[in-house]
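Given only the sequences and the hints, what does the whole structure look like? Please build it.
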Amino acid sequence: MKLHVRHRTRYGYSSHASQSHNFITLQPRSTRNQSCLTTKVVVTPEPDTLVSELDVYGNLSARFSISRRHEQCDIVVSSWVETSDVLEPLPDSSGVLENLKGLDASEDEDALMAIDCLLSSPFIEITDKLDALVDEIPIGDQGVLQYAERLMTHIFETFDYTSGFSTVVTPLSKIYKERKGVCQDFAHLAIAVLRRQHVPVRYVSGYLETIPPPGQKKLQGADASHAWFAVYDQQHGWYDFDPTNNKRPDAQYITTAWGRDYADVTPIKGVVYGGGTHSLNVEVDVTRSGSPPVAITE
Amino acid sequence: MPNAISTDDMANLYDETLAKDNTALPNWQRVMDTLKGFHPPEIERCQQNISRQLRANGIAYSSLSDARHASRPWNLDLAPFVVEPEDWEKISRALVQRAVLKQEILRDIYTEQLLLKRRLIPPAMIFAHRGYLRDAVNSGNTPDLPMFSADISRAPSGNWYIVDDICQYPEGIGYTLENRLVLSRTMPRLFRVSRVERIATYFRQLQHTIGALSESDGRCVILAYGPEHQHYFEYAFLAKYLGYTLVQAGDLTVRDNLVYLRTVADLQRVSVIVRLIDDTRLDPMAVGQAGVRGITGLFQAVRSGGVKIINPLGSGVLDNPALNACMPELCKHILGEDLLMPGPPTYWLGRADQRAHVLSRRDELLFRNTDSLGQLFDPHLMSKKQLDDLEAQIALHPESYVAQERLDRSLAPTFNRTTLVKQQVTVRSFLIQNDNSYSTMPGGLCLLDTSTNGRRPAFDSLIGSKDTWVISEGPVKPVSLLTNAPDDVQFSVIDGELPSRVAENLFWMGRNAERSETCVRLLRSVFQTLQNEDALTSDGVKSPDVAPALSAILRATTQATGTLPGFVGRGGGRRRQAPQRELLSMLHDPARVGTLPYSLTRLQISAAAARDRVSDELLQVLNRLDDGCSDLIDNPTTKLQIDDIDALKDINEKLDDTLMSLSAFAGLAHENFTHGDGWRFMMLGRRLERVQHTCTVINTILAHEHDDVLLLETLLKLFDSVMTYRSRYRSQIDVRLVLRLLLIDEFNPRSLAFQLKEIQATIALLPGRRSLSQADALSRLAIASLSRVQLADPEQLISARKDARQNLTKLLNVLQNLPAQMADILSATYFSHVQHGKQISDLSPAVDSEPT
Chain G
1 MKLHVRHRTR YGYSSHASQS HNFITLQPRS TRNQSCLTTK VVVTPEPDTL
51 VSELDVYGNL SARFSISRRH EQCDIVVSSW VETSDVLEPL PDSSGVLENL
101 KGLDASEDED ALMAIDCLLS SPFIEITDKL DALVDEIPIG DQGVLQYAER
151 LMTHIFETFD YTSGFSTVVT PLSKIYKERK GVCQDFAHLA IAVLRRQHVP
201 VRYVSGYLET IPPPGQKKLQ GADASHAWFA VYDQQHGWYD FDPTNNKRPD
251 AQYITTAWGR DYADVTPIKG VVYGGGTHSL NVEVDVTRSG SPPVAITE
Chain E
1 MPNAISTDDM ANLYDETLAK DNTALPNWQR VMDTLKGFHP PEIERCQQNI
51 SRQLRANGIA YSSLSDARHA SRPWNLDLAP FVVEPEDWEK ISRALVQRAV
101 LKQEILRDIY TEQLLLKRRL IPPAMIFAHR GYLRDAVNSG NTPDLPMFSA
151 DISRAPSGNW YIVDDICQYP EGIGYTLENR LVLSRTMPRL FRVSRVERIA
201 TYFRQLQHTI GALSESDGRC VILAYGPEHQ HYFEYAFLAK YLGYTLVQAG
251 DLTVRDNLVY LRTVADLQRV SVIVRLIDDT RLDPMAVGQA GVRGITGLFQ
301 AVRSGGVKII NPLGSGVLDN PALNACMPEL CKHILGEDLL MPGPPTYWLG
351 RADQRAHVLS RRDELLFRNT DSLGQLFDPH LMSKKQLDDL EAQIALHPES
401 YVAQERLDRS LAPTFNRTTL VKQQVTVRSF LIQNDNSYST MPGGLCLLDT
451 STNGRRPAFD SLIGSKDTWV ISEGPVKPVS LLTNAPDDVQ FSVIDGELPS
501 RVAENLFWMG RNAERSETCV RLLRSVFQTL QNEDALTSDG VKSPDVAPAL
551 SAILRATTQA TGTLPGFVGR GGGRRRQAPQ RELLSMLHDP ARVGTLPYSL
601 TRLQISAAAA RDRVSDELLQ VLNRLDDGCS DLIDNPTTKL QIDDIDALKD
651 INEKLDDTLM SLSAFAGLAH ENFTHGDGWR FMMLGRRLER VQHTCTVINT
701 ILAHEHDDVL LLETLLKLFD SVMTYRSRYR SQIDVRLVLR LLLIDEFNPR
751 SLAFQLKEIQ ATIALLPGRR SLSQADALSR LAIASLSRVQ LADPEQLISA
801 RKDARQNLTK LLNVLQNLPA QMADILSATY FSHVQHGKQI SDLSPAVDSE
851 PT
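If you read the protein sequences in the order shown, they are chains G and E.
Heads up, the first sequence is in our numbering, so the first residue is 1 and it goes up one at a time.
Heads up, the second sequence is in our numbering, so the first residue is 1 and it goes up one at a time.
Any given hint could turn out to be false.
Listed next, the stretches of chain G that the computed footprint assigns to chain E, with coverage defined by at least 3 CB atoms under 8 Å from CB atoms of chain E [as the list claims (entries may be wrong)]:
hint, region
1, 30 to 37
2, 59 to 73
Here are the computed distance ranges between Cβ atoms for each label pair [unchecked claim]:
hint, chain 1, residue 1, chain 2, residue 2, range
3, E, Asn436, G, Ser30, 39 to 47 Å
4, G, Glu157, E, Asp378, 27 to 35 Å
5, E, Asp389, G, Leu90, 34 to 42 Å
6, E, Ser157, G, Gly58, 20 to 28 Å
Source of the hints: derived by calculation from the structure; they are not laboratory data.
Keep in mind the model is a prediction, meaning the values are calculated, not measured.
Each residue gets a CB set at the ideal place from its N, CA and C atoms; glycine is no exception.
Right, here's the structure in full:
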């Protein structure tokens, strides 16, 4: 399936900003299940040099700064991505110890990242504070992928999706206690439970195509960024799981970037000098299309 | 002095003064013979000499309670640490090997990670360490390790071993330099005959290496924490010695991937940053940063090659003590050699088999979190609960822990007051990359402690340090940074490179010095009046002759120092009658704005922030002022009987001393300071402040029509103009002549006109003004003020008629506002600098599609 993603971020400042620095991770990468056909970043006002680079995990990030006075900043990322229509069935996978052993013997980049994804990360400290959740659904001798699928369902079934309750800095213990949150929280929670049981797991950020209820027109800008997790099996590599929708990501999912957690792949971050208070407006549109986005063909 | 080592413990430790066969080492013996020949008074004199010199370099902030820790953390021992030539040759070779090896490891970690992929280093060991900077991986640059540092000790076996690697940024270079300068000055003869290798060779190579990295249009700066940091004075000392500008993060800005220093003139390109700051505080845009402070965009500037950082970003990963577990194999693999100097036998707990082994021998070993700065856990000293906690932490994060065998450090002779005892030593050594390998500083910072059983105190809680004397086989060649500079490297010149922050502090240094001086002069005048005339009783003012004069000075004191209500506001009359309490507060209360200790403290704070620009002599005066200030705060006169002549005399002496120091400060600031932009800002501060005080004091004292001789004389004395008056007028004191002298006389350096003329001339020379075609707001203010004074006529200002005195008040009121107006313009033009950025990262993107 071919999809357009248009992600527009607008900052408005209450007074002149003298300088701003921005760092965005919004351009989809190519993966086993998708190819990024085109992707482009357009910033207004025109920034100083815009540099795009691959980070340690192979994600494409762009950095730019604006060194003159400005009252707003408009960042539009337009991408065209082809996703695989076939969802591979989940293969049999190794148990925890076997998985670790295989991991240790492997020389490839994926295995290296998997080792990184066994450790604490900026937003996810490995602690015993979530052990009660682990006890609800312990891994035992299950294969890591099969377990991940069950954990996905468990979170889906026992947590409420509630937007506005949390931000990225809300502690996981609170998400667990209240049993509610949004996609990021569920991904982080799953990651914490898996790492606590020595299963390599990473955070994936991206988009999900939404389909309006029958008879209704899709609203512009109604889509949003999404997040889920992926687990590494030493034989078969990484597999994705979306606990928010209890679904293994398929052709409707577009992967932007992955990392240990949200901190590694923050979609947009920046520092502004001056500018007073700022407002932020984000619009995301994911639409099916067989031809490149207009902004890119221009 | 702590001396916790028992004789039994000592017997097992290696004695540095002896060879393996227990005979005395020749160079140690020579030094020891000399030291043992010193008589106790001689030793004490030397020790005082040392303290005085250290104090001069690292001013102890005794009067600033919040900055008290800013003093040098430990003392310097009179006995040097001696290293025999053949010993040093081996040590140096091992350190060079280690530096080369560390550099290769660094390069691999931040490029291909082959050592990790092949498991020569367990990847989790690196990934779990706080020094591993993911932002620095695949940056397109292969990192170098220009500076390498290591703490080394000698085990009971007599073999040296590595205690710690210090790769992110070395601390202690400045202390090492300071120790050398101080000790060689204290015992010049012993130093000379001992054939001590010069550590200046290291600094020359350091300048050479840094210089080779910098581009012709870029400067090199030393980036460090500010005066609130306990090693700030070390940084300032080092910066001054090397001739690089000392900056803080707020002084630098990134524009289009290039780094600039904000100076009073303009933005100046920086091409090399020697950083003495942790990675996590450098760029708020990077992952895992400690806050919003830092230099936004710096990492990207580094990645794009717009600036070079020494040591490079991410080099802290090499400080990980767990690497000791792999070093022997890594050395064989990378260099094809045996490792010459290992660390203590180390077990990385990220490996399950090692963990089991270690926990079975738990109490024999020491534990350490790999992220910590040298802190060791000793199971012998831990409670059951602490041990359980440690084991729980190890179970959760085994990758972040190591265990190591206990290795005790050797002993060296050290002075405990005037007797020689033995204490344990660690030597911090410093290496710098040269054209094809590394050079070792022949010497180092020898650290003293008394911990046994392999324990080791933190760097900042050590009990003392020593200068390390590496003995040369042959005669020593003199080295100086100034004379033998290699000519293929361009050295940057500091002039014209005045960071806005430093300029502002110099401006305030000038203002605060003048404020303190005014305060002292006024108080002295009050106390002299009280002391000289037995005109007063404890009931208050008796003599009708003195009363008006004293009352006027008291009012002027309050007005000029801004310590309202004081002798002016509500209750002023009552306090003028019984001034003791208010006067004592002016003398002793550091917390109240405008008092003498307050102004002196502000002076120290502004001087501290401009420390790398201040000459050694000026520092000594600052120290003397600080001592005086501490004395005022710590030994206050609690109760003052107004007729207690002894107490008054004591206070007057203290004020005289302070005034002498302030005068010395003013003189040195004038004579001993390059007359560049920094000096100009300082002088502007002083002159503007003086304008304000002069106006206020004259206005207050002459506002009432008490033109009695005593009052006028006091006024002249306050402005140091008694002699001038006598030589010029040789007449009875006349209020008009006094005014002429204090206001209009352009040749009296205390007059208003003189200040205004100097201000006008100084402003014309400030950066960016030489090319101004016409006067701007700043110059217009100066010109207008000067003209007003020049055109004033004392006859018009003061005469028998009442409205004439109002003219004087009007004029002084206008001039009194000048400093504030000018300071505003100066601040907007030259000092507007440190802007704090705000994070605008979108913390709430978690609004995803509703579940289907």
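Unsatisfied constraints (hint numbers, rising): 1, 4 and 6
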